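Enquirer: Next come the chains, spelled out residue by residue.
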Amino acid sequence: AQKVTQAQTEISVVEKEDVTLDCVYETRDTTYYLFWYKQPPSGELVFLIRRNSFDEQNEISGRYSWNFQKSTSSFNFTITASQVVDSAVYFCALSDRWGGGADGLTFGKGTHLIIQP
Amino acid sequence: GAVVSQHPSRVICKSGTSVKIECRSLDFQATTMFWYRQFPKQSLMLMATSNEGSKATYEQGVEKDKFLINHASLTLSTLTVTSAHPEDSSFYICSARPRQYQETQYFGPGTRLLVL
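Chains S and V are the protein sequences, given in the same order. With our numbering as the guide, the letters of the first sequence map in order to residues 14 to 130. With our numbering as the guide, the letters of the second sequence map in order to residues -10 to 105.
The following block holds chain V by itself, in its conformation from the complex:
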């Protein structure tokens, strides 16, 4: 149990296009989902917190108009990188917090984004 999936696992796009990444909790309901970004050989940095049915909370320095987050259901959160540029190339990882176990987060396998 407690499986989180991400789609796509890898995406290559041209500069200026938008890319949507999905994060799904497959066997539990998640009231909260988190989005992290990891640049090569660096740590994971929290980008934003997504709560079902409400607006996402963004960490300092993260542009909310560039990284659109939607958490429309208890099992799905999406991150859209709008007008992507090469500097947005990174590894994006989501995690989901189960409704029943608030102290636990389950991580997805990550999405590698390469912007040409």
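Next up, chain S with everything else stripped away, as it sits in the complex:
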């Protein structure tokens, strides 16, 4: 069975600070995908990134960066120079079935990020 743990329930920082959201996952499969989604108050999920288990390269997209460490089963997300618009709930998710299997995502409990002006 798969599991995603986001230990940080809520994080509050002042604007322009850097912040890292932690994600630890469990799966028995060797092929899997990891995701990060942002959920603003409107409720709609905003896709941020998908990473497959064979690609351990870290990724940077503007102020966002992701650190994937298979050795520790972690997929952490860092926002650099945070802005008030980054305030939202962020979910880490796992899909551990390749293609044809009908497998939904397993979500972590989410981290509520509050950026104070």
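Note that these hints are calculated values from the structure, not bench results. Source: prediction; values computed, not measured. It cannot be assumed that every hint is accurate.
[As the list claims (entries may be wrong)] Chain S stretches covered by chain V per the calculated footprint, using a threshold of three residues with CB under 8 Å from any CB of chain V: (1) 32 to 42; (2) 60 to 72.
[Unchecked claim] With a cut-off of at most 20 Å between alpha-carbon atoms, the simulated PhoX-like pairs for lysine-lysine come out as follows: (3) V/Lys53 <-> S/Lys16; (4) S/Lys122 <-> V/Lys30; (5) V/Lys9 <-> V/Lys44; (6) S/Lys29 <-> S/Lys51; (7) S/Lys51 <-> V/Lys44.
[Said to hold, decoys possible] Chain V residues, not near chain S, derived (Cβ > 10 Å throughout): (8) Lys9; (9) Glu11; (10) Asp16; (11) Gln31; (12) Asn59.
Ideal placement from N, C-alpha and C gives every residue a C-beta, glycine not left out.
Let chain S serve as the given structure and place chain V on it in line with the hints.
Expert: Only chain V this time, still in chain S's reference frame:
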């Protein structure tokens, strides 16, 4: 591209009535669609997997007779909450997996259901 819509976006109903929620993939064909439920301040939980032309697969603890799923075409899946009760009030989100890109899911905007 890759847009998923849900209708209605918000619904209020009386206890005991049934509510149908539609999930449509607007610009791609989806052989598989997923239904999630999110209670306030909680995570998304997978309810069921809907495959076009076949019966849905329900997660443990989800009553299939209460949450009827129909996936009649490659662009439409419906979730019907039968005899809704206040405890069914939640945010229901669907996602659709494109036929061509099996590792990707596109999420709809969600439907807020309030049962009085």
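Enquirer: Each hint needs a verdict: does it hold in this structure or not?
Expert: Evaluated hints:
no., hint, in the structure
1, 32 to 42, "violated (count 0)"
2, 60 to 72, "holds (count 3)"
3, V/Lys53 <-> S/Lys16, "24 Å, violated"
4, S/Lys122 <-> V/Lys30, "9 Å, holds"
5, V/Lys9 <-> V/Lys44, "17 Å, holds"
6, S/Lys29 <-> S/Lys51, "19 Å, holds"
7, S/Lys51 <-> V/Lys44, "31 Å, violated"
8, Lys9, "20 Å, holds"
9, Glu11, "16 Å, holds"
10, Asp16, "16 Å, holds"
11, Gln31, "7 Å, violated"
12, Asn59, "16 Å, holds"
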